[in-house]
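Enquirer: Read off the chains here:
2 protein chains.
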Amino acid sequence: MPDRSSIPRPAAKRLSLYLREAGICVRIGRQTVSSRQLGEALGVSDAQVRKDLALLGQFGQSGVGYDASALYQQLRQALGTDRNWNTLLVGAGNIGRALLGHAAFEAEGFKITAVFDSATSLVGTTIIGHRIRPMSELGSCVKELRVRIGIMAVPRDAAQVVADQLVRAGVSGLLNFASRRVELPDTVRILSVDFTGSLERLAFEIHAAEGGLAESA
Amino acid sequence: MPDRSSIPRPAAKRLSLYLREAGICVRIGRQTVSSRQLGEALGVSDAQVRKDLALLGQFGQSGVGYDASALYQQLRQALGTDRNWNTLLVGAGNIGRALLGHAAFEAEGFKITAVFDSATSLVGTTIIGHRIRPMSELGSCVKELRVRIGIMAVPRDAAQVVADQLVRAGVSGLLNFASRRVELPDTVRILSVDFTGSLERLAFEIHAAEGGLAESA
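Residue numbers (this note's numbering), protein chains in the order written: chain A, 1 to 217; chain B, 218 to 434.
Any given hint might turn out to be false.
Unchecked claim - Ranges of calculated distance between the beta carbons of each label pair, as one might list FRET restraints: (1) S357/B with I24/A: 29 to 37 Å; (2) E40/A with V378/B: 15 to 23 Å; (3) S140/A with V378/B: 40 to 48 Å; (4) G129/A with S286/B: 44 to 52 Å; (5) D381/B with S136/A: 45 to 53 Å; (6) A119/A with S286/B: 31 to 39 Å; (7) G124/A with Q248/B: 45 to 53 Å; (8) K360/B with P185/A: 48 to 56 Å; (9) S69/A with S357/B: 19 to 27 Å; (10) P351/B with V64/A: 45 to 53 Å; (11) P185/A with P351/B: 48 to 56 Å; (12) I245/B with T126/A: 37 to 45 Å.
Said to hold, decoys possible - Here are the simulated lysine to any residue pairs, SDA-like style, with alpha carbons at most 20 Å apart: (13) K13/A with A228/B; (14) K230/B with R201/A; (15) K230/B with A11/A; (16) K143/A with I423/B; (17) K13/A with D194/A; (18) K328/B with E205/A; (19) K13/A with I423/B; (20) K328/B with D194/A; (21) K13/A with G57/A; (22) K51/A with A11/A; (23) K111/A with I423/B; (24) K230/B with E205/A; (25) K51/A with A41/A; (26) K51/A with R14/A; (27) K111/A with S396/B; (28) K13/A with G414/B; (29) K13/A with S198/A; (30) K143/A with I128/A.
These aren't lab readings, by the way, just hints derived from the structure by calculation.
Every residue, glycine too, gets a C-beta built ideally from N, C-alpha and C.
Here chain A stands alone, though its shape is the one from the complex (with noise of 0.2 Å):
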């Protein structure tokens, strides 16, 4: 098993993203996938590929390249997707829904057993195939469904309080859809997805290919 504490965090995103790929073979069944087409798919040269991999212990061989189903076990151990994670969803909103939808969540090992909504018109209504629970549930259900992971689609507005609520419940980790900042203690981590912030990114991605930005930047 590979020593996780080894991994450099920029390896461990490219981890992510091998992963990704490792998936889609395992899926197509393709049996073997090579370090140049993980390269390809991330942006990354081959070289980089096989210096990620072998901090996993992965050697691919030359020619034939890596056995897709034991590179994506392995990724999945080193991830730690390889367990089921417990999350809960709070706001039943329109990005909560499409989170509802996304049957990629489970299938990835990330199960959403419980969905919180503050408004009282939502409050014990069916959204697909989920009942909505009031917040005055957050704890008992943290703890009784054994949730590690608080997955926050809610306005901004609500975002710090929200947060504070699934700290006190005894999350490890958030995954944040509304556009603010949240403060956390540091025993809880946090990922924000931020729509604009990514419209920002890519609208300065264009701006500086048109302002003569060297593609190798």
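With chain A fixed as given, assemble chain B onto it according to the hints.
Expert: Just chain B now, kept in the frame of chain A:
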């Protein structure tokens, strides 16, 4: 005006985060912001902040900090978000509707000028103030409305076909919400928002923290 070609990409990513923070300062009426405040918001050192902002020719005054409003304007100019970017949306499902309801886009200079869907049951209906157009109007719309960015909120199986249509129509960049990699010509930029990938990275962060990965790694 800063020379865009001199800004390395990792710095550009941080600049878009400084822009967010400077925008918050301007909105709440704060006159100045220090490198330490900016650094804390992003989790980087104040020395890094000063180095990044020096790329724009911005030098804070010791003990006073940066003029928030001037910094905001210079960041917008450097990142190309001082002009308006016309965008269009393909896909009026849950994610598409969440994006249409996302008021922050227009405030930040990204206007969704038109919405398309391939479902005949949706074409012609109005969703959050937008009449849904048929895909056949894509090409003329990009030209007439001078659309630069196509936002794809389509099922993964449709992603490549829709990307090809957007490229043929002449957009400069794609924001992709389908969890599938698409092939594009080098002239077109793409940025993908991948929900499952985000959960995987978060899970890895938690997993690594439990496994003793150094905080500073």
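Enquirer: Between G129/A and S286/B, does the beta-carbon spacing fit 44 to 52 Å?
Expert: 49 Å, holds
Enquirer: Taking 20 Å as the top limit, are the C-alpha atoms of K13/A and S198/A close enough?
Expert: 17 Å, holds
Enquirer: Is it true that the CA of K13/A sits at most 20 Å from the CA of G57/A?
Expert: 17 Å, holds
Enquirer: Verify the CB-CB distance for A119/A and S286/B against the hinted window 31 to 39 Å.
Expert: 37 Å, holds
Enquirer: Measure nothing beyond the straight line between the CA atoms of K143/A and I423/B; if it is 20 Å or shorter, mark the hint as holding.
Expert: 18 Å, holds
Enquirer: Does the Cβ pair S69/A, S357/B satisfy 19 to 27 Å?
Expert: The hinted range 19 to 27 Å is violated for S69/A and S357/B, with Cβ atoms some 47 Å apart.
Enquirer: For the pair supplied as a hint, K230/B and R201/A, is the alpha-carbon distance within the 20 Å limit?
Expert: 7 Å, holds
Enquirer: Checking one constraint from the list: CA of K51/A to CA of R14/A, max 20 Å. Satisfied?
Expert: 11 Å, holds
Enquirer: Holds or violated: are the alpha carbons of K328/B and D194/A at most 20 Å from each other?
Expert: Holds - the C-alpha atoms of D194/A and K328/B are around 16 Å apart, at most 20 Å.
Enquirer: Within 45 to 53 Å or not, the Cβ separation of G124/A and Q248/B?
Expert: 48 Å, holds
Enquirer: Assess, step by step, whether the Cα of K51/A is no farther than 20 Å from the Cα of A11/A, and give holds or violated.
Expert: 9 Å, holds
Enquirer: Does the alpha-carbon distance linking K230/B and A11/A stay inside the 20 Å limit?
Expert: 18 Å, holds
In summary, the structure is inconsistent with hints 9, 30 from the numbered list given earlier, while agreeing with the others.
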